Amino acid sequence: MYYTEQTEISKVVPLLEKCGLSMPTGVEYTAGIYTDNGDLAATGSLKGDMIQAVAVDPAHQGEDLMGKLLTHLIGVASERGLSSLHLFTKPDKAVQFQGLGLRLVASARPYAALLEWGTGGIEQYTDSLRHTAKQAESAFMAAHGGTVPAAVTALVMNCNPFTRGHRYLVEQASAASDIVYLLVVEEDKSLFSFRDRFEMVRRGVADLENVVVISGGRYAVSSLTFPSYFTREENLAKAHTAIDAEIFCRHIAPALGVKRRFLGTEPLSAVTAVYNETLKERLPRAGIEVTELDRLEKDGAPVSASRVRGLLGENLNRPSEEVLAELAKLLPETSLEYMKAEVFHD
Amino acid sequence: MIKQKAHAGTLESSDIYVEIAPAEAGSGIALNLTSVVMQQFGPEIEAVIRETLAGLGVEDAVLTVSDRGAVDCTIRSRVETAVCRGKGEA
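Protein chains in written order, with the numbering used here: chain A, 1 to 346; chain E, 1 to 90.
There may be inaccurate statements among the hints.
Which bits of chain A does chain E cover? Going by a derived footprint, with three or more residues having C-beta under 8 Å, they are [to be verified]:
hint, region
1, 74-86
2, 116-123
Straight line, CA to CA, 30 Å or less: simulated DSBU-like cross-link-like pairs of lysine-lysine [what the hints assert, rightly or not]:
hint, chain 1, residue 1, chain 2, residue 2
3, A, K68, E, K3
4, A, K134, A, K280
5, E, K3, A, K47
6, A, K47, A, K134
7, A, K259, A, K90
8, E, K3, A, K280
9, A, K93, A, K280
10, A, K47, E, K5
11, E, K87, A, K68
12, A, K68, A, K18
13, A, K18, A, K134
14, A, K189, A, K90
15, A, K11, A, K93
16, A, K340, A, K329
17, A, K189, A, K340
The hints are simulated quantities; they were obtained by calculation from the structure and are not laboratory data. Model, not experiment: these values are computed from the prediction. Glycine included, C-beta positions come from ideal geometry on N, C-alpha and C.
Work out the full structure: start from the sequences and follow the hints.
So, in structure tokens, the structure goes:
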């Protein structure tokens, strides 16, 4: 048995297929364990902080190749400066990885389970959430003569960018809650960077005293890191949203003390519609109510971030006066001022 | 003093994987331990790791440790190797 840095993709693909997987795109490192006569017995890859496409040939199971493979991959990741790693697998395989020391973050039957390795994982994130919640509760009690907050709710939004539509949802949530946690999706795969999105949200809700804006961390809606190779296309959206829902139920909501989650109805996006359906199915099982809020409409169409992006174009060049006038209908002043000052380039 | 991130051991059966990283002075030992025999031997494994670290004069470090049923002498030697590498001595 030996490793090689020059793993032959021509042998990796058939092995993955044998194990019901396909080759993921964009992997940065692939390792293989070969038998003495040159057959590929096990393989696994790294992509960012994800371990992907891990497979052991059924003929070589029970030889502890998974332990060898993960040791190697974790060592390579460590040399690359990564302190935590994540891995998706089928729920019934999770126990095998737990036996190797990975921790189960969430399992969403029948689709997928998420495991992690190393420091700075879900526990560190929920610790920071608990800290935030404690401060928010104290502030509420100080302002309300010692009354404990009862209606503690959450909204999870990407806000790419923060529109009047978002503002409308947050206002409704704020009016119906003692404390609202507004989690902004952290993943940086949107037109606007996380920093810009977060800042626009913060400024856009600054006047709503019971709204607490926090980072969604690595765990709230990370659709784009969900490995598409791992499940069939039609189940992809369901699998990813199911994991997201389970993480919310098991980690985020308990840490914040959240009892209700607000969703915006989504008439335009099929993926968001699946997402909302999944949340409505899974959150109540964990004792969290789900309430859908209507979207703000303007000129007969919902005020959406995608409409704003359509007006802006991909380069974020400074728009004409005409376009700015259109944008002003869709964006709160705080977002537009922020873009003029920090985002648009000439 | 642990100067750099280092590891020793494997995730294979009967072995233990020890990863050590520097920590601020005074922060103590942060030990993140998983084991296939956690219920029966968790406290003993932790004690062996902490004793070994103390014997090597390590007071501040972050450790991620995954045990697959290693015996005490294996645990000691893996911790010692990780520490030496973390100190830049090996």
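Results for each hint:
no.	hint	result
1	74-86	holds (count 4)
2	116-123	holds (count 3)
3	K68/A / K3/E	holds (27 Å)
4	K134/A / K280/A	holds (27 Å)
5	K3/E / K47/A	holds (27 Å)
6	K47/A / K134/A	violated (36 Å)
7	K259/A / K90/A	holds (29 Å)
8	K3/E / K280/A	violated (49 Å)
9	K93/A / K280/A	holds (27 Å)
10	K47/A / K5/E	holds (21 Å)
11	K87/E / K68/A	holds (26 Å)
12	K68/A / K18/A	holds (20 Å)
13	K18/A / K134/A	violated (50 Å)
14	K189/A / K90/A	holds (26 Å)
15	K11/A / K93/A	holds (23 Å)
16	K340/A / K329/A	holds (16 Å)
17	K189/A / K340/A	holds (21 Å)
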